[in-house]
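Knowing the structure of chain A, use the given hints to seat chains B, C and D on it.
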Amino acid sequence: MLIEIRPEPFDPWAEVSIHPERCGVEAGSFGACSVFVGSMRDFNLGDTVHCMELEHYEGMTEKLLADHAGAVIDRYGLTELLILHRVGMIYPGDPIVLVAAWSAHRAEAFDGCRDMMEHLKSRATFWKKESLEDTAEQRWVDNR
Amino acid sequence: MLIEIRPEPFDPWAEVSIHPERCGVEAGSFGACSVFVGSMRDFNLGDTVHCMELEHYEGMTEKLLADHAGAVIDRYGLTELLILHRVGMIYPGDPIVLVAAWSAHRAEAFDGCRDMMEHLKSRATFWKKESLEDTAEQRWVDNR
Amino acid sequence: MAISVKVFASLREDLGVDRARINPSKADTARQVWQQITSREPPGNLLCAVNHQYVNLDSRVRDGDEVAFFPPVNGG
Amino acid sequence: MAISVKVFASLREDLGVDRARINPSKADTARQVWQQITSREPPGNLLCAVNHQYVNLDSRVRDGDEVAFFPPVNGG
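Protein chains in written order, with this note's numbering: chain A, 14 to 157; chain B, 14 to 157; chain C, 668 to 743; chain D, 668 to 743.
The set of hints was computed from the structure by calculation and includes no laboratory data.
Just so we're clear, the structure is a prediction, and the values are computed from it rather than from any experiment.
Mixed in with the good hints, there may be bad ones.
As the list claims (entries may be wrong) - Keeping only pairs whose Cα atoms sit at most 30 Å apart, straight-line, the calculated DSSO-like set for lysine-lysine is:
1) Lys76/B with Lys693/C
2) Lys673/D with Lys76/A
3) Lys76/A with Lys134/A
As the list claims (entries may be wrong) - Reference excerpt, derived from the structure (chain D facing chain A, CB under 8 Å, subset only):
4) Ala676
5) Ser677
6) Pro738
7) Val740
8) Gly743
We put the beta carbon where it would ideally sit given N, CA and C, even for glycine.
So here's chain A without its partners, still in its complex pose:
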């Protein structure tokens, strides 16, 4: 299991590609890998977005993700789980989040990946502030 909050851009597909070997997991030991990558769109709520600042609560974010990741690995019997999340200044097209789940069979990989993503979206302590194009306006995203 690897969980990292990254202040610099990352290549999600390169990270997934090297991950099993990096963890000492042999390619023949799993049969399924489910991956989700969330990336920044250049539009939101009808506006063109120029960039976005991603803030988080250092310490709590890592704890929340690690606790739930451990529960997900146990619940779905995963072979391996990788979670990367950007913070800092982000531009359209940049990857924001990567969740990848490896397991023997596909249902566990799909369900484990999705469970982790839903938890991350609803509980993990990240906040987004968009800067709109053509104006000096900044706005916090989706603060219900």
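Positioned in the frame of chain A, the structure of chains B, C and D alone reads:
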């Protein structure tokens, strides 16, 4: 949309990485990508598997996948869909299938990817024949 | 013309038939096509396609059709 | 010792408070910690954590705790 049956090994993460640009889809136009990769395990039903031959019904496979891919794109409003499937002689660790779905939001990407995979597993005309280690035995997989 | 028959995977090995051509006057349904290629009963899990579409064994076949028989699929 | 307070995102900007230290004798619950940093009513969607665990505003706080207030999260 790209659907290919590949007689040669492929790198699923490299394929996903280049796919949007290859299709003329800009990185800022989608916010979510869900990927599933199925790969060959070195064990099955308690036996060590040495290699596997994957046969398909040329013509019908492509038609089935293309028909359902079109339906999935419409149903979930996907931006793009990529499906690759190996045939021929496959060794443990080799990727067998890749399904990748891009969309504006995560639910559609997850649901579209999974729907496509479930259809592929239950309907697409592929058959696997395993060669076991230490014996000359070959057996067809899971022919209920 | 003729009806073209294809058999796949374990079924191909069991029947010892890969491809066949059937005179359309001898087969009105997929089941009759089956009976032209083997004297065996169709297995309970037999799948059949006509012109790349799944059908049941009582489906009509016509001159020029491609009829395929195969066991349950398991790609992915 | 003291209770350490952190405020995040839009709430940090609205209150004009980033970090604070509160005398534990003045706050037995997370709600009383809130009242020490602002005279405003807690917003309906306010979230609170004590020592990195989500809690409600009536949870007890102790000397040395880290208490955080923030709006709904939206990562990923």
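Structure-based check of each hint:
1. Lys76/B with Lys693/C: Distance ~29 Å between Lys76/B and Lys693/C Cα, so the pair holds.
2. Lys673/D with Lys76/A: This hinted pair holds, its Cα atoms lying about 17 Å apart.
3. Lys76/A with Lys134/A: holds (15 Å)
4. Ala676: OK, holds: Ala676/D within 8 Å of chain A, min 4 Å.
5. Ser677: This hint holds: Ser677/D lies near chain A, its Cβ roughly 4 Å from the closest one there, short of 8 Å.
6. Pro738: holds (5 Å)
7. Val740: It holds, given that the least Cβ distance between Val740/D and chain A is near 5 Å, below 8 Å.
8. Gly743: At about 4 Å, which falls below the 8 Å cut-off, the nearest Cβ of chain A leaves the hint on Gly743/D intact, so it holds.
Violated hints are absent here; each numbered hint is respected by the structure.
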